[in-house]
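**Q** These protein sequence lines map, in sequence, to chains W and G.
Mapping of the first sequence onto the numbering used here: position 110 corresponds to residue 110, and the numbering continues sequentially without gaps.
Mapping of the second sequence onto the numbering used here: position 273 corresponds to residue 273, and the numbering continues sequentially without gaps.
Where hints are given, some of them may not hold.
For the chain W half of the interface with chain G, some residues (derived, Cβ under 7 angstroms), not all of them [stated by the list, open to error]:
1. Ser20
2. Asn24
3. Thr37
4. Tyr39
5. Ala41
Straight-line Cα separation of at most 25 angstroms, DSS-like style, residue types lysine-lysine; simulated pairs [to be verified]:
6. G:Lys51 - W:Lys15
7. W:Lys15 - G:Lys185
8. G:Lys146 - W:Lys15
9. G:Lys146 - G:Lys185
Pulled from the structure, derived: some chain G residues nowhere near chain W, Cβ distances all over 12 angstroms [said to hold, decoys possible]:
10. Val55
11. Thr90
12. Asn103
13. Ser167
14. Ala269
15. Thr282
16. Ser427
Please keep in mind that the hints were generated in silico from the structure rather than gathered at the bench.
This structure is a prediction, so every number in the text was calculated from the model and none was measured.
Glycine included, every Cβ here is placed at the ideal spot set by N, Cα and C.
Here is how the chains run, residue by residue.
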Amino acid sequence: MRHETGTLLCLACYKDRLASVCENADEYKLFEMRDDTIYPAGRLSLPSKDPMDRTSAILACGVSLLLCGAICADTRALLEQGGVRVIPWLTGGIREVVDALDHDSLSRMTMPGAPGCP
Amino acid sequence: MSFPRNLPLEEVFASIADGLFTVDADWNVTYFNESAQRITGIPADEALGRKCWDVLRSSLCDGQCAMAHCIRQGGRVINKSIFIVRGGGTRVPVSISASALRNASGEVVGGVETFRDLTEIQVMRRKVEALYRFEDIVGRSPALEKLFGILPQVSASQATTLILGPSGTGKELFARAIHALSPRKHGPFVAVNCGALPDTLLESELFGYKAGAFTDARADKPGRIALAEGGTVFLDEIGDLPGNLQVKLLRFLQEKTYEPLGGVAPIKADVRVVAATNRDLTARVAQGAFREDLFYRLNVVTLRLPPLAERREDIPLLVDHFVDEFNAVQGKGVRGLSGDALHLLMRHDFPGNVRELENILEYAFILCATGFIQVEHLPEYLHPGGRAAPGDGLNGSMEEIKRRAASRAVERHNGRKMAACRELGISKDTLRRLLADDTDE
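Extracted from the complex, chain G is given alone in its bound form (with noise of 0.2 angstroms):
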């Protein structure tokens, strides 16, 4: 479609909310309109003539500019997240568009910009947040604003509860929540990982020993059980736990009373059970490696926690919400996903769920130190186009995380190790010990 030729082209781009401006073949910004004052704060006289770089101040402009992209490469860029400075020292997060202008002969004539002002934006989003914000659980989606529901009762009845969910949902987080919203919020929460322990070494962390009970008992240990005395302790992994411990949680559901190891009167203890699983508990009844009777004595009452596929709308909160985190703890300045970025995670499938996304976001911060996280930092099997390879993705732990990340790098660079290093924002011993690491194993 063609623009009309009478319109007064000033008078239309005075009256749009976003920031504009044009700049000549050699970089010199030759319109600025109102927008683009009060968004930078610059008045045009000041602007025009200037630099673009000395006007927009942008994280793009040392090395990434965008029209310098579209000159090259042809195309626009669209909605690219990045922030500008301010005088003062003000962080103002824009989105950004751009493109070359060419004349009648094809010849490029200089560039045009627009950009956004998102900082209203990011303001109603953290105020959003707050609001989707349940103890330390994130989520605005229909199937956890049903679970927070029910919570304040759950928490309150004292009853012996079993949360079910996939992996990586947060059971433990439902657990501690159940806590401290419960009467017993000022007693311990003591969490057991029934996996995680040999068959031996979980009855004695979970019941304690006598002295004397065996060869290097010397003195009395109390076990979680009585570590959590007037408090909860949390069973995860429950649909592991070994047949003979069954009958011991059993009685101790049933009868408030345990026998440490090499015990010989029953201990009272006042502990609420809450277990979790992401077995099929049924099944395994069914199958005979479940008693039936622990399992009816621990379903009182079950929380069922949905996969993060299930309530993708969630993805953008807990996206917010691990973002600040990472900034936190690694004192960094990352200011969030850019557009594109964030739609590749809405159209994932998260197998790993919250912790997966949490996996990426970890790794992204490895690749951004600052500004917004750009499709480049995230994994390579998100990449439209990419697929998962053995060994790719983000299974393991984070340092081996890490160091794939760096010996990819380095692959990438053809064994520059400054270039790799740049890359990833690391430093050369940093680098130099990831790949040790990665030699060694």
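So that you can see chain W by itself, here it is in the shape it has in the complex (with noise of 0.2 angstroms):
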């Protein structure tokens, strides 16, 4: 998959894996999409469980897309009003999502229910 250079990709996580819901999320990864290749990016430290905050968060640090499970929809609009691309309704382990966004298929990566693939 192509990306723009220093594209910051973000991944609402808990342990080693997606987040059931991104606004519980403990802890959001980052990571760079330069020269098609995925690099890690360190992580956004979450100080407040506050989805407002957590939201200027991400928006402070320049991502531009953000990998998650399910979202709830005032959380997504107010990402989108930023300039974020949400990719939500996702499942698995964090490295399986990396390499399925680097490989172009996240759609086996969806939730039950979720609304179509991405």
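Starting from two chains that each stand alone, build the complex the way the hints lay out.
**A** Below you can see the structure in the form of structure tokens.
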């Protein structure tokens, strides 16, 4: 998959998997997509559980793509209004999801009952 | 009681209105009844074999799993209020119960969870809340219903009104409601706290002064009564009004005229007076601390507000009201109170009345950013077996309460500030500021 140079990707995680609900993630892991490769780029500190604070933190650090599990419509709207592309309703281990993104095969990582494939 | 052996279990589970699912020891969904499919919007064939957190997608699934809790601690989780997220991003409030499943040897072989959709109940609660709202006053208790019944006539009458009630019962809200329902509603509503100002300042605040009345009076200054022209002046803590001002106020009530400080001619004013106090004015009159003639002038119409402990049925409505208000002001998504937390509040005596309830919920909002307020989010003095200690509880300003919450969270985490930040849902900077303020005092 070709990526725009320097695109910052964010995964809403719980331990070593995607969090089942984006708003409840205990960590947001960052990856940089550069030269057709995805590199780890650290983690986003989450001082607050407030969805508004979390959204602001994601927007502030320049994330342009968020991969997550279930997400509430209002949180998604806030992120998309801020220019972040959201691919929700995904499930799986962090490595698996990153690999699936790299190989354009995220559709096999969707949650049951997800509204269509990404 | 043992379960009859020959019953068709699937038929039984399919017939119940609550969602029910079971998982194996690896958290894979092994059964998903019809109500579970309806509530989550996920067909059974898509749910079976999937991890339960991918199917339920609840506010507990990432680290606070109810079934895992039952397996670790034993026992059951009953009626815990949480929310799930349906496809499309809709939050659905549900109440869950969970238990571990064990085989004949007592080994854990999985878990079972039931969940009840609370959406309709919440919608009905909102409708009921709208029904039991009068201006900004929330309540459905017989005591409040009676007050709501007479408030329109009291408002229309233009009579001087005295509102009596303990601190925190909402006397100013009633005064505002009287103004809003009166023919003066388009005029100003001006509130004065008679207990908050020194005597000399109170006189000039109420009646104003003329240029030259005293050294720094370079120009005329209108008093609050003049500012309330055509409207209502609310005199809170009237029981604390000093003697010399009681005379001036009596004259104003009798003649509708007053003289500003340094004034030489009386000024006429068209202002309705609503006064309030938490003191026993009859006793103050008997002690000679309050003029009897003023008491009778104020006491044309009296409204007695009941303490919250005498209208406990209003607590759930008030909780919903404050949760909505704090969500709007703070931009949060708190869904309400869990059953356990509400139960604790229903048993509390509320010496501080509605204001104490408001403070309790504002405190809970510091610890709970989203989902339902649980018992652990409430102040410690409300917890079962908890005792009020000096410095505990919700005495003091919100800043003081926040500082206490911050320093206790740090203590609970043995000085680990980041852990305290995570528990409180605040940033390092906010914690540092709160702790610094605490040290400064």
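**Q** Compare the structure with each hint and give your call.
**A** Right, here's what the structure says about each hint:
no. : hint                : result
1   : Ser20               : holds, 4 angstroms
2   : Asn24               : holds, 4 angstroms
3   : Thr37               : violated, 28 angstroms
4   : Tyr39               : violated, 26 angstroms
5   : Ala41               : violated, 21 angstroms
6   : G:Lys51 - W:Lys15   : holds, 15 angstroms
7   : W:Lys15 - G:Lys185  : violated, 58 angstroms
8   : G:Lys146 - W:Lys15  : violated, 56 angstroms
9   : G:Lys146 - G:Lys185 : holds, 22 angstroms
10  : Val55               : violated, 6 angstroms
11  : Thr90               : violated, 7 angstroms
12  : Asn103              : holds, 28 angstroms
13  : Ser167              : holds, 32 angstroms
14  : Ala269              : holds, 47 angstroms
15  : Thr282              : holds, 50 angstroms
16  : Ser427              : violated, 4 angstroms
When the structure is compared with the earlier hints, violations turn up for hints 3, 4, 5, 7, 8, 10, 11, 16 and for no others.
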